[in-house]
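In order, the protein sequences belong to chains L and P.
In this text, residue positions in the first sequence follow my numbering: the first is 12, and each later residue adds one.
In this text, residue positions in the second sequence follow my numbering: the first is 829, and each later residue adds one.
Think of the hints as simulated: they come from the structure by calculation, not from any bench.
Some hints could be false.
[What the hints assert, rightly or not] Keeping only pairs whose Cα atoms sit at most 20 angstroms apart, straight-line, the calculated SDA-like set for lysine to any residue is:
| # | chain 1 | residue 1 | chain 2 | residue 2 |
| --- | --- | --- | --- | --- |
| 1 | P | 957 | P | 971 |
| 2 | P | 964 | L | 25 |
| 3 | P | 964 | L | 12 |
| 4 | P | 964 | P | 974 |
| 5 | P | 888 | P | 875 |
| 6 | P | 1014 | P | 948 |
| 7 | P | 1014 | P | 864 |
| 8 | P | 1014 | P | 966 |
| 9 | P | 888 | P | 925 |
| 10 | P | 888 | P | 904 |
| 11 | P | 964 | P | 850 |
| 12 | P | 1014 | P | 984 |
| 13 | P | 964 | P | 951 |
| 14 | P | 964 | L | 24 |
| 15 | P | 957 | P | 968 |
| 16 | P | 964 | L | 13 |
| 17 | P | 964 | L | 21 |
| 18 | P | 964 | L | 23 |
[Claimed, not checked] Covered, in the sense of this in silico footprint (three residues per stretch, anywhere, with C-beta under 8 angstroms from a C-beta of chain P), are these stretches of chain L:
| # | segment |
| --- | --- |
| 19 | 18-24 |
| 20 | 72-85 |
Heads up, the beta-carbon is just placed ideally off N, CA and C, and yes, glycines get one too.
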Amino acid sequence: MLITCPYCGPRDVIEFTYQGDGNRERPQPASQNLDAWNAYVYDRLNPAGDHNEIWQHSGGCRAHLRVVRNTITHEILSTEFARGGHKSTDSRAEGRS
Amino acid sequence: MAEQHLPERQSPLEPDYHPGSHGNFEHGVDVILSETRPGSILQLAAWPGEESRLIEIIRKVTGLALPDGAGGGVSSGGSAAFGFAPGKFTVLDEAEGLAQAFADAMTPAIGTLTDLSHGRTTIRIAGPKAEWVMAKFFAIDFALPAFPLGAGRSTNHHDIFAQIQRTGADQFDIYVFRSFARSFWKALCYASEEVGYEVQ
Ligand SMILES: [Zn+2]
Chain L
12 MLITCPYCGP
22 RDVIEFTYQG
32 DGNRERPQPA
42 SQNLDAWNAY
52 VYDRLNPAGD
62 HNEIWQHSGG
72 CRAHLRVVRN
82 TITHEILSTE
92 FARGGHKSTD
102 SRAEGRS
Chain P
829 MAEQHLPERQ
839 SPLEPDYHPG
849 SHGNFEHGVD
859 VILSETRPGS
869 ILQLAAWPGE
879 ESRLIEIIRK
889 VTGLALPDGA
899 GGGVSSGGSA
909 AFGFAPGKFT
919 VLDEAEGLAQ
929 AFADAMTPAI
939 GTLTDLSHGR
949 TTIRIAGPKA
959 EWVMAKFFAI
969 DFALPAFPLG
979 AGRSTNHHDI
989 FAQIQRTGAD
999 QFDIYVFRSF
1009 ARSFWKALCY
1019 ASEEVGYEVQ
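Same shape as in the complex, but just chain P:
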């Protein structure tokens, strides 16, 4: 397939991506920042009334069973999916080529498929102070009962639109536009200085 001929993807964070411990880490590192670099990031949108058919297609293609309800999601191994708007879902996989896997099942009668693999950057924040740092950025409730495991949220930080999925009790994956990713990353590093952070 065409993927084999694609050049290796470069990270937009690279000039400001410095592995190691930073900030106030003398008493320990309280958050770990990393770029997860999934091979495929897709946006799937169902026409009104076709939502359940789309959820079934996602299950068939990826094996991920999306829970009912707004912002419901699931994260498992190298793949994840979550709702980010009515009838709309972000689906990703660590491997490239997920768009091809959906191409046959995703007929025009059900909805649309947009391949954002090169358009988004995924930043992971993990650790005991992850909720604390996130709460400085986004005006939403990050407590586990309000933002359950696997769930997704659409929000923004100073007009940088962000999708957030909780992929662990103290871990979040943040999807930002690739062109804004470095600026967001620098702000996230700065916000993590007070708790001590490690870039992996």
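The following block holds chain L by itself, in its conformation from the complex:
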């Protein structure tokens, strides 16, 4: 499985660390909304198909990435920096993200 890091280009999955489901929305730290916290901690879509995920390129540039992966085929459909407002700077990532 290859993941194309927007900075480093295509790299083996061994260089990456899975950081969890990318669909979660973290409530404000002071939030008293137990339903929102319950959903954040426990609710998962667990789809058979395209899935939003957070990965870290821990064995490379260490950037956190927003990745769409197909859970059946393991195809990586898109990668981008998890931090907003950052565009891919690597031409090797073009057409993949």
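With chain L fixed as given, assemble chain P with the ligand onto it according to the hints.
Below, chain P with the ligand without anything else, positioned relative to chain L:
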């Protein structure tokens, strides 16, 4: 300055650093291994949006003009710089004291400066089989079009994190954590045996 009072730096490779030809060198030496021992190794990181100001500071302090784009770098004489992560750069010089040279220009509004001169060991591999040996270690493309002259890459070998800069058509400088350097060096020597190697 304080540098003059620092004791002479010892190489972590020393017990396993054996100058001369080794391995299968009867038909010639195809890679040369050496430790470059730069006096200064710095890590510079820009806050988001401050990248171009940092690149300008690097140019002013070192004279090195970093090319645009991910992993872009430049190597010239005794100094070098390359991007290794978004907004982050490794800058080195053969002389000590580069951190002091950056201290005034590198304000907290732009980013951070970390002096890694004593924290990293720099190993150089050069020769016609350098790409071949490197490809046994790291799962990245070492061909010149994919990894141009001066460019930098962040990757790892069995959890030993490594930054690599191409400093010649058939030459790479590898930056590893000092504490892992001897183990990495021994593995690199072992991997170079089949092509014949010389330690300089
Ligand atoms: Zn990366």
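Status of the hints after comparison with the structure:
1. A C-alpha spacing of about 12 angstroms is found between residue 957 (chain P) and residue 971 (chain P), which places the hinted pair at or below 20 angstroms, so the restraint holds.
2. The suggested pairing of residue 964 (chain P) with residue 25 (chain L) holds, with an alpha-carbon distance near 16 angstroms, which does not exceed 20 angstroms.
3. Distance hint between residue 964 (chain P) and residue 12 (chain L) is fulfilled; the C-alpha atoms sit about 19 angstroms from each other, no more than 20 angstroms.
4. About 17 angstroms separates the Cα atoms of residue 964 (chain P) and residue 974 (chain P), which keeps this hinted pair within 20 angstroms; it holds.
5. The suggested pairing of residue 888 (chain P) with residue 875 (chain P) holds, with an alpha-carbon distance near 19 angstroms, which does not exceed 20 angstroms.
6. A hinted pair counts as satisfied when its Cα atoms are at most 20 angstroms apart, and residue 1014 (chain P) with residue 948 (chain P) qualifies at roughly 16 angstroms.
7. Taken as a hint, the residue 1014 (chain P) and residue 864 (chain P) pair is honoured in the structure, with Cα atoms around 16 angstroms apart against an allowance of 20 angstroms.
8. Between the alpha carbons of residue 1014 (chain P) and residue 966 (chain P) the distance comes to roughly 16 angstroms, so the proposed pair stays at or under 20 angstroms and holds.
9. The suggested pairing of residue 888 (chain P) with residue 925 (chain P) holds, with an alpha-carbon distance near 16 angstroms, which does not exceed 20 angstroms.
10. With a CA separation close to 15 angstroms, the supplied pair residue 888 (chain P) and residue 904 (chain P) stays within the 20 angstroms bound.
11. A C-alpha spacing of about 19 angstroms is found between residue 964 (chain P) and residue 850 (chain P), which places the hinted pair at or below 20 angstroms, so the restraint holds.
12. At most 20 angstroms may separate the alpha-carbon atoms for a hinted pair to count; residue 1014 (chain P) and residue 984 (chain P) meet this at roughly 16 angstroms.
13. A C-alpha spacing of about 16 angstroms is found between residue 964 (chain P) and residue 951 (chain P), which places the hinted pair at or below 20 angstroms, so the restraint holds.
14. Our distance criterion of 20 angstroms between C-alpha atoms is met by residue 964 (chain P) and residue 24 (chain L), whose separation comes to about 17 angstroms.
15. With a CA separation close to 16 angstroms, the supplied pair residue 957 (chain P) and residue 968 (chain P) stays within the 20 angstroms bound.
16. Straight-line distance between C-alpha atoms of residue 964 (chain P) and residue 13 (chain L) comes to about 18 angstroms, which keeps the hinted pair within the 20 angstroms bound.
17. Of the supplied pair hints, the one linking residue 964 (chain P) and residue 21 (chain L) holds, its CA atoms being roughly 17 angstroms apart against a limit of 20 angstroms.
18. For the hint linking residue 964 (chain P) to residue 23 (chain L), the alpha-carbon distance of about 14 angstroms falls within 20 angstroms, and the restraint holds.
19. Coverage of a stretch by a chain is defined here by at least three residues with a beta carbon nearer than 8 angstroms to that chain's beta carbons; for the segment 18-24 of chain L and chain P the count is 5, and the condition holds.
20. Remark: the segment 72-85 of chain L is confirmed as covered by chain P, as 3 of its residues place a Cβ nearer than 8 angstroms to a Cβ of that chain, reaching the required three.
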